[in-house]
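So you can see what is in the structure, the chains are spelled out below.
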Amino acid sequence: MQRRNDKQRKWSDLLQKVQEALGSPSDLVCRAVLVKEETVQCMYLESLVDKPMIDDYILKSLMGGTFSEVEQPYDNGNRFVHDLPFSSADPEQLLQRTVDALLTGQCVLVDSLMEKIRLINVISPKHRQIEEPKSESTVRGPHEGFTENIDMNIGLIRKRLRNSRLRFEKLTIGNQTHTTVMLVYMHNIAPDALVREARRRLRAIRTDSVLESAYIEEYIQDRMWSPFPTLNNTEKPDVVTAQLLEGKVAVMVDGTPNALLAPMTFFEFFSSPEDYYQRADIATFIRWIRLVSFFIAVFVPSLYVAVTTFHQELLPTQLLINLSVQREGVPLPSLTEVLLMEVVFEIIREAGLRMPRAVGQALSIVGAIVLGQAAVEAGLISAAIVIVVAVTGIAYFVVPVYSFGISQRLLRFSFVLLAGFMGLFGILCGVLFLVAHLVSLKSFGVPYLAPAAPGNGSDWKEVFVRVPRPWMNPNPLPRFMQSFKRRK
Amino acid sequence: MVRMQSTLKTFVAFALMSVFLTACWDKIEINELAIASMAGVDIDPETGKKTVYYQIINPLSGATAGGTPSADMSPVYTYEISGQSFGEIKSMANKLLSRKLFVAHYKAVVISQRAAEYGIRDIVNLIEVQPNVRSSIPMLVADGPVSQIMRTYSLLERLPADAVESRLHFLNTDSLIVGKHIRVKDVSERMQKSEMIVLPMIKEKPGNVSQHSGERASDINANKSNFLIGGGAVFRGYRMAGRLNDTDLIWYHLLTGNKGQQPKLFQVDGKRITVVMKQVRFDRSATWRRNKPVVTINMELRLSTGLATEYLPQSWDEAKRLERKLAQSVTHELYAFYKKTKKKGWDLLGIKKTVERTLPQNDPGSGGLNDVEVIINVDAKFQRIGSINKRF
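Taken in order, these protein sequences are the chains called A and B.
Our numbering numbers the first residue of the first sequence as 1 and each following residue consecutively.
Our numbering numbers the first residue of the second sequence as 1 and each following residue consecutively.
Just so you know, the hints here were simulated from the structure itself, not pulled from any lab data.
Model, not experiment: these values are computed from the prediction.
Keep in mind that a hint or two might mislead.
[Unchecked claim] Computed from the model, here is a short list of chain A residues facing chain B with C-beta under 7 Å: (1) Thr-309; (2) Ser-324; (3) Glu-328.
For every residue, glycine included, the Cβ atom is placed at its ideal position computed from N, Cα and C.
All chains should be built: construct the whole structure from the sequences, respecting the hints.
Structure follows, in structure tokens:
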């Protein structure tokens with residue numbers, strides 16, 4: 001009786017401590033199961049686990065005495081648990097291991113003496129199914145996108161890259177969130193120095209939480225204050241696979257569908273995965289269109305302001321007269337007009353992102369009418385401004401990487417202000433600053449403006465031309481990454 | 001954190017410095033500009049009083065491709081400003097104009113004949129030295145009062161300046177009446193090199209001048225109170241030395257290597273035939289022969305009977321004979337034109353320059369053109385011949 005009371009007391013102590021550690025959660029379930037006259041305590045957080053699995057397999061097996069040969073069905077097929085001896089647990093570690101296991105969705109079985117512990121992974125796969133990424137839709141090519149489940153994401157990469165040299169290095173980052181982060185690379189292609197640097201940067205992260213890959217990005221990027229992203233982020237497993245084959249490293253974070261890719265250069269943001277799913281000539285043409293769109297998105301509003309307020313002689317006469325007609329009666333100066341319209345456009349765009357889809361469509365129509373027709377008819381703005389803002393607004397969506405599009409928006413505002421103050425001279429000053437900044441940027445040690453600066457003729461063709469596949473180097477590590485020593 | 005603070009400090013410093021940027025005070029909105037489309041200049045030789053006419057585009061008239069033309073409003077307004085100097089006139093512009101005069105988009109400059117005879121050095125200089133004025137615009141001489149031309153509406157083109165520019169363009173490509181070198185900068189260059197230049201003349205067609213653009217636009221008679229481009233003003237040393245008629249202009253442009261084409265009615269063996277001439281080759285050389293320089297002008301003309309309705313050669317031999325006769329006729333006319341200019345002392349063809357350039361050691365001396373022998377060789381060939389009117 002004394003022994004039984006001891007066991008009961010020990011169990012009560014453990015349970016109390018677990019509840020204290022977790023703050024008496026309402027989803028903590030504790031069940032006692034009688035197994036061959038011994039009581040096994042079973043604990044789990046019901047919000048995280050697959051309850052039918054616990055009931056059907058673990059508890060039934062425990063009560064039926066067949067626990068050591070449990071067939072445990074899992075998400076994508078069957079896993080077999082052949083041996084389930086309870087492992088010895090240090091009494092001091094028992095509490096910590098129990099709490100950690102519960103939080104990771106495991107079922108904790110504790111023997112009657114409170115000396116042994118068994119953790120069984122019964123986490124319920126609560127994640128959405130594989131869908132097409134909304135921000136990276138393509139016409140041709142795979143439509144699969146990453147999900148919030150890192151295991152599934154790993155599977156999506158392995159499916160495409162059936163290679164024994166594919167490496168996934170697991171790290172746990174976040175003092176509070178304990179988020180799983182994976183460093184992914186091709187052992188035989190990715191340069192050693194790059195992998196070492198990525199590993200060093202990831203290990204150096206000291207943070208409480210990692211809820212999205214952007215948290216990691218801010219820690220491992222080369223320059224904090226820059227409008228340009230030095231890492232790419234993608235939701236597409238085929239993009240990650242292609243980049244891994246080019247010697248880059250990927251960082252995947254549990255709980256987010258966005259993987260990070262490094263190093264990235266300025267011109268690589270103009271390449272899209274779709275380029276490689278189309279014919280070379282068409283892909284080259286579209287790449288040129290993207291480059292042109294970048295210049296339109298960044299410079300058209302500022303050029304409009306500069307030319308209409310400082311350098312009217314640069315306009316063709318007929319265009320000058322047309323613009324003059326449009327500006328008759330408009331109360332605001334061109335600079336204010338452009339800034340106002342750009343801000344309104346940004347507001348509509350931002351609101352459109354947050355709005356429910358049905359409302360978002362209506363909003364965009366209202367926005368277009370308000371901006372386009374009503375504002376012009378009311379004499380608030382000139383019609384040319386609407387065209388400028390609309391063309392600019394469309395142009396920055398052409399660049400395939402969303403984060404790069406945002407940097408274009410920031411640049412656009414800066415250039416508009418410079419043009420408003422100093423005309424073309426201001427734009428020229430801005431361009432010089434921009435080029436100086438781009439040249440000074442690096443991504444994991446790789447010059448951001450490569451292959452333009454430092455110049456490398458052989459890599460230029462990949463910037464402006466999508467080379468036909470038969471002409472491609474079979475092992476295409478770009479020249480600017482060859483400074484890293486390659487593995488033998 | 002320290003780095004962020006320094007970045008912030010830099011940003012604030014730049015933001016404060018932007019206050020001192022004075023460039024933004026120079027800015028001017030498009031709707032604050034008085035866009036001049038054409039200018040006219042008149043100088044009274046007796047008093048030296050200068051009058052400048054500005055044709056300012058009226059944006060509200062819809063004088064554009066985008067706007068609906070309004071018959072109630074004039075597409076341009078002509079401002080007349082007088083003063084003793086051009087600088088004074090510019091400074092006085094805002095006595096009349098409510099907007100800033102913007103002269104970068106001039107399309108033509110019209111000079112009155114008396115101003116041309118008085119001298120256009122100041123006018124050319126003024127256009128050349130102003131940084132925002134184009135010197136690549138054509139310069140014309142008014143055959144008659146310039147004020148009237150500056151107040152004449154044009155048809156089809158709503159801006160008179162567009163009408164002038166367009167007519168000059170087509171006359172240059174489709175005729176030999178207007179040449180290519182009629183721009184202000186051509187005047188400046190030729191005058192600097194002591195060469196002569198011929199500028200087109202513009203005159204008003206007789207008729208009651210309409211003061212209302214809508215009234216003018218609703219009148220079917222296009223000839224009435226319209227302006228006409230024809231004839232040429234010969235300039236030497238920034239002054240108008242004389243004039244050429246349209247026929248003279250054809251020979252002048254042929255002898256100066258103009259590549260345009262020109263239909264011309266010839267009388268050959270008592271038969272009239274209209275031939276379109278197009279110069280396809282032109283060269284000029286100078287040699288020293290019989291103790292005097294000889295300038296040889298060779299040209300090849302392509303002839304077409306595409307516009308001929310009067311007479312057509314009926315055989316190959318007849319065609320070849322016609323070619324020879326036409327070549328002789330053209331040569332004769334060219335010699336006659338050369339002699340006419342020589343008699344007036346005009347070196348319109350740049351003969352003296354040719355001799356100086358190619359025979360620098362053999363200066364023709366003070367005799368000028370009289371000491372130079374000019375040989376003109378014309379080779380004419382039919383390129384297109386035939387008509388459905390008569391059997392070939």
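Hint by hint, here is what the structure shows:
no.: 1; hint: Thr-309; verdict: holds (4 Å)
no.: 2; hint: Ser-324; verdict: holds (4 Å)
no.: 3; hint: Glu-328; verdict: holds (5 Å)
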